[in-house]
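Which chain is which? The protein sequence lines are A and B, in order.
In this text, residue positions in the first sequence follow the numbering used here: the first is 212, and each later residue adds one.
In this text, residue positions in the second sequence follow the numbering used here: the first is 633, and each later residue adds one.
Simulated from the structure, these hints should not be mistaken for lab results.
Fair warning: there could be bad hints in the mix.
What the hints assert, rightly or not - Which residues of chain A face chain B? A few of them, derived with a C-beta cut under 8 Å, are:
{"id": "1", "residue": "269"}
{"id": "2", "residue": "295"}
{"id": "3", "residue": "301"}
Every residue, glycine too, gets a C-beta built ideally from N, C-alpha and C.
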Amino acid sequence: MDVIRIEGLSKYYRHQLTGRKIHALEGLNLNVGQGETFGFLGPNGAGKTTTIKLLLGLLFPSSGKAWLFDKPYTDIRVKQDIGFLPENPYFYDYLKGEEILYFIGKLYGMNSVDLKKRIDYLLENVGLSQARHLPLHKYSKGMLQRIGLAQAVIHKPKLVILDEPLTGLDPIGRKEIRDFIFTLKDEGSTIFFSTHILSDAEMICDRVAILMKGKLAKTGKMTELLSPKVKTYEIVAANLTEEGKRALKQVSTRFVDEGTQVAASIEDESKVQTVMELIQKDKARLISLIPQRESLEEIFIQEVKGK
Amino acid sequence: MLGRILAIATNTFREAIRNKILYILLAFAMVLIIFSIVMSALSIGQDEKIIKDVGLFAITFFGVLIAIMVGIGLIYNELDKRTIYVIVSKPLHRYEFVLGKFFGLVMTILVNVGIMSAVYLALLAVKGYSIPFVLIEAILMTVMELVVVTALATLFSSFSTPILSAVYTFMLYIAGKLTDDLIRFASQMMTEKAYDPVTVADKLMAKTAISISWILPQLEKFNIRNQAVNGIPITDSLMMNTLYGLLYTGCILFIASVCFSKRNFK
Ligand SMILES: Nc1ncnc2c1ncn2[C@@H]1O[C@H](COP(=O)(O)OP(=O)(O)OP(=O)(O)O)[C@@H](O)[C@H]1O
Ligand SMILES: [Mg+2]
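Just chain A, with the same shape it has in the complex (with noise of 0.2 Å):
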């Protein structure tokens, strides 16, 4: 059973002033399985906000068709199983936090006890037990993040779509979240999350799909995609000698020096060894060294010069 099926999915809005076809979606052929946790990638105004919204019904498409647990994505009993969390999600703000899950529950028909429940257990879970009874006026970006996130998953659901769920958040925000991801990716959920930040793919995603205008360009494992291959290492290092800048210098292909700091890049694995011995003889200190694999972030800049 596939989670989400599309097939030739197509949107085209129509430009305000001009009347000229947008084609946000063309023709996208997708399928996401049970329990996956599948990334939807592209770049800013590639189309996946508005793939998210005609899955949800918030969109009719110009043409093509979706099945959600292999049923017509239209039938609105499918929504039972789907939570959402929308792009920049906005809430009635006169709610207080508690008062917006508490709603967002007996919209999916929840009984009132185990509605409380699950609301205590979701506040404390995406750290708002201090702000729930704060109107959500009061709230910050980072906070109406999270319980957006909690209102997308207090009925259990098997699918949770996630729009840009990272974005615009401070590095801690981003590991809390990315962590409450991984809890639900283990609770057995299949997890659709859109991004255009690649690391955050890297990190979470089984399998991704690279939108760029509106076309599909590449799907695949993330494992296909990424080779294990290292292609550089980036080194840092302090307090090295003149002598010692020189030498690393030499056997570099990139070279930064900021006085006592240097960044340099080195291609040759063989060539590692003779920096460290250096550094080691320099009596000078290391403070990086990171292998680089192809990232996610180049095979998109490819695709983003190939079309």
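Here the structure of chain A is known, so what remains is to put chain B with the ligands in place on it, guided by the hints.
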């Protein structure tokens, strides 16, 4: 279905009662009801009529204002603030959303009319005036009128901006107040004329006028305030008029639901 409509209705009610405009309007209504004592003191021997009249007027006038002011932003704000994304993605039909919004506003109006009426009736009791049942009937018919106005505000709010919705609703309200005159005028045209004989053109115009009055809300059907205050017997069947109000409201909500179901939320 009912559970979801109720959830939306209570939430709408909560939104409305956290809206400051509501309290300002309510305060003005109270002031006017109580101020009627001063007005009555200036008149000679008409105290009771003036107090009763002004109070009913205040309830109606501020009721309509509340229905329009709160109603016009009802659905529009959900689109504008994009809270609609969270709602429409839930397992609910769009008509359930429209109905929930409508009933939430009706709840708000019932509470407000309730408060205004309580003050009004208390004032009459304190003054030692009679409170005939027809006065209560007049208030109940006013509620029916407000329900129709609420439905119209909901309809316009489902496809238009608040300011335009206010204009449309207010224009229809005025037109609805005049439909009685329109019908009377049209039927006169069909039957009698001071000099010329009735022509085909006259008949056509009269028929058109009557058709238009069928579409417009005939709000005077719900106005028995004058009769209630002055003790004039009521000739209309209140039952039939209420039925008319409910049917009219149903049609408007149906149209609102159809409009809303076809919308793309961009
Ligand atoms: N209401 C609209 N009217 C006209 N064009 C629109 C409308 N909404 C979106 N578009 C266009 O459709 C295309 C896809 O937009 P969409 O919001 O789906 O992109 P996205 O991938 O979610 O981008 P982002 O990463 O910025 O969120 C864009 O070119 C956008 O300009
Ligand atoms: Mg988007």
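Here is how each hint holds up against the structure:
no.	hint	in the structure
1	269	4 Å, holds
2	295	4 Å, holds
3	301	4 Å, holds
Consistency with the previously given hints is maintained throughout, with no hint failing.
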